[in-house]
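Chains as they are written, first to last, in numbering that gives the first Met the number 0: chain E, 0 to 249; chain R, 0 to 283.
It is possible that some hints are incorrect.
On the chain R side, residues computed to face chain E include the following (Cβ under 10 Å) [claimed, not checked]:
id : residue
1  : P144
2  : S146
3  : P147
4  : S184
5  : L185
Rather than coming from a laboratory, the hints here were simulated on the basis of the structure.
All values derive from a computational prediction rather than experimental measurement.
Each residue gets a CB set at the ideal place from its N, CA and C atoms; glycine is no exception.
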Amino acid sequence: MTKVPVIEVDGVTKAFGDNEVLKGVDLTLTEHNAVALIGASGSGKSTLLRCIDLLVEIDDGDVLLDGEVITDPSCNLVDARRRLGFVFQAFNLFPHLTVRENVVLGPVHAHGRPRAQADEEAHELLKRFGLDKRADEYPDNLSGGQQQRVAIVRALACKPRALLLDEITSSLDPELVGEVLELVVELKAEGMTMIIATHEMSFAREVADEVCFLSEGRIAERGDPAQVLGDPQQPETRKFLSRLLEAGRL
Amino acid sequence: MQLTTDRPDRRAAREDARRRKARRGVGVSALSSVIVIGGLIALVVTSKGWPAVQETFFSWSAFTDSFPEVLRGFWLDVKLFVCVEIVVLVFGMVIALCRITNAAALYPIRLLAIVYTDLFRGVPTILVIYLIGFGLPALELSGVPTSPVILGGLALALSYSAYVAEVYRAGINSVHPSQKASALSLGLTNTQSLRLVILPQAVRRVVPPLLNDFISLQKDVALVSVLGPLEAFRVAQISASSNFNYTPLIAAAVLYLCVTIPLARVVDRMQARSGQFGGAGTVR
Numbered sequence: 000m001t002k003v004p005v006i007e008v009d010g011v012t013k014a015f016g017d018n019e020v021l022k023g024v025d026l027t028l029t030e031h032n033a034v035a036l037i038g039a040s041g042s043g044k045s046t047l048l049r050c051i052d053l054l055v056e057i058d059d060g061d062v063l064l065d066g067e068v069i070t071d072p073s074c075n076l077v078d079a080r081r082r083l084g085f086v087f088q089a090f091n092l093f094p095h096l097t098v099r100e101n102v103v104l105g106p107v108h109a110h111g112r113p114r115a116q117a118d119e120e121a122h123e124l125l126k127r128f129g130l131d132k133r134a135d136e137y138p139d140n141l142s143g144g145q146q147q148r149v150a151i152v153r154a155l156a157c158k159p160r161a162l163l164l165d166e167i168t169s170s171l172d173p174e175l176v177g178e179v180l181e182l183v184v185e186l187k188a189e190g191m192t193m194i195i196a197t198h199e200m201s202f203a204r205e206v207a208d209e210v211c212f213l214s215e216g217r218i219a220e221r222g223d224p225a226q227v228l229g230d231p232q233q234p235e236t237r238k239f240l241s242r243l244l245e246a247g248r249l
Numbered sequence: 000m001q002l003t004t005d006r007p008d009r010r011a012a013r014e015d016a017r018r019r020k021a022r023r024g025v026g027v028s029a030l031s032s033v034i035v036i037g038g039l040i041a042l043v044v045t046s047k048g049w050p051a052v053q054e055t056f057f058s059w060s061a062f063t064d065s066f067p068e069v070l071r072g073f074w075l076d077v078k079l080f081v082c083v084e085i086v087v088l089v090f091g092m093v094i095a096l097c098r099i100t101n102a103a104a105l106y107p108i109r110l111l112a113i114v115y116t117d118l119f120r121g122v123p124t125i126l127v128i129y130l131i132g133f134g135l136p137a138l139e140l141s142g143v144p145t146s147p148v149i150l151g152g153l154a155l156a157l158s159y160s161a162y163v164a165e166v167y168r169a170g171i172n173s174v175h176p177s178q179k180a181s182a183l184s185l186g187l188t189n190t191q192s193l194r195l196v197i198l199p200q201a202v203r204r205v206v207p208p209l210l211n212d213f214i215s216l217q218k219d220v221a222l223v224s225v226l227g228p229l230e231a232f233r234v235a236q237i238s239a240s241s242n243f244n245y246t247p248l249i250a251a252a253v254l255y256l257c258v259t260i261p262l263a264r265v266v267d268r269m270q271a272r273s274g275q276f277g278g279a280g281t282v283r
């Protein structure tokens, strides 16, 4: 069985002024797989995800989505973004819209689905993740965990080819992390293709097919989760993991 | 053991002290109000010129005589205010959108919008009214209205749109960039993000400052009187000068207050409510 590549990142570089955040990153994400991006804060995980979703313009290299170079200047940015889903660390729900309105905004306005159909699909998704009772509430009235689950549902409602998850549990209280991670595990079991930037190593081990350790703008080590997290080969990886161990986060 | 037996006593003592303090507060504020306000009234009423002032400014018969006419004039103020306000709300938004556009082809429009806001915010409203009211008809262009009411309204709209455009722009800039990133990530276009996500949040946030501008527009409608239309202030002025009694002006002032004070309370309430959501935070 040949694995179909969904996202290919090829030699991507990105600098903000003099600060070189990405210094040539290569990454391949195949269908139904999940890649976990780990690394210290500021190592470029978020920037890489934003580059893939074309929220940040890259300096050099290519990003391919289903074989098409989406970072080519002639490529339609909006069209490429419609095929990807993004979940932000700080949820970024729209505070002036109810949960349901947040979820149907993309399907109705970006994908041109009829309102009734979008409402129906939103209801199904919210119900599946136990959020249907909160559909008419505003995001501010929800707990952090619920807000982040709504944000995931909002991304799923657009039926993305792949999901990009940017440290989705980092702004949650510890007791709320579980409900969000469970949802991601469920999506993985259904075969969702994902890139997951995370600080939760046990979660990376459980859900990812491959772990990439990002350090100083490059992928310093990659491989099977058990191998990278259990028996790292590179000194930087070892240093990073031992620091996590000391902090009691491993 | 001792703690539990002591506690009710201490609570009662504390409540007692709090009540005493509150009572003293009310007493002190009532007394100081009486002294200050009473003093000011006494100062005015005992002044040498008071009987004359009372006769020329606060004559009840002059008030009742002129009031119906001033009220009719005030109706013109209200109509003008409402029409100008609607134009200002729309035109101000157009100018704000022109200023935030960054498409290269629209550069001249952005430049015009900047020049416009700088110009009309920088020139006193009364000057704008003179220039438009007397200058525009003097050009003798066909199709240009000559009615002083319309010209005055146009001048007010031009002047106030510049202020309101800046209020809108501040609101748009106050919406965090992550909201735009979030909208774009769903596959919305730039225009859709602005219309569906940024503007609804921006407009909700600027409602209190917009209402403040409404209040000053409501007063500044009186400036149109320099062009001659018979609005409240002009009517009061005519009545005052024909009877050598200024009471009609007080009647006009009372009418303006009848509109501006309730508006001010509405603003207060809205500001208090937006404070509940954390000031610059989310307002629904």
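Query raised in the report: So which of those numbered hints doesn't the model satisfy?
Result: When the structure is compared with the hints, numbers 1, 2, 3 turn out to be violated.
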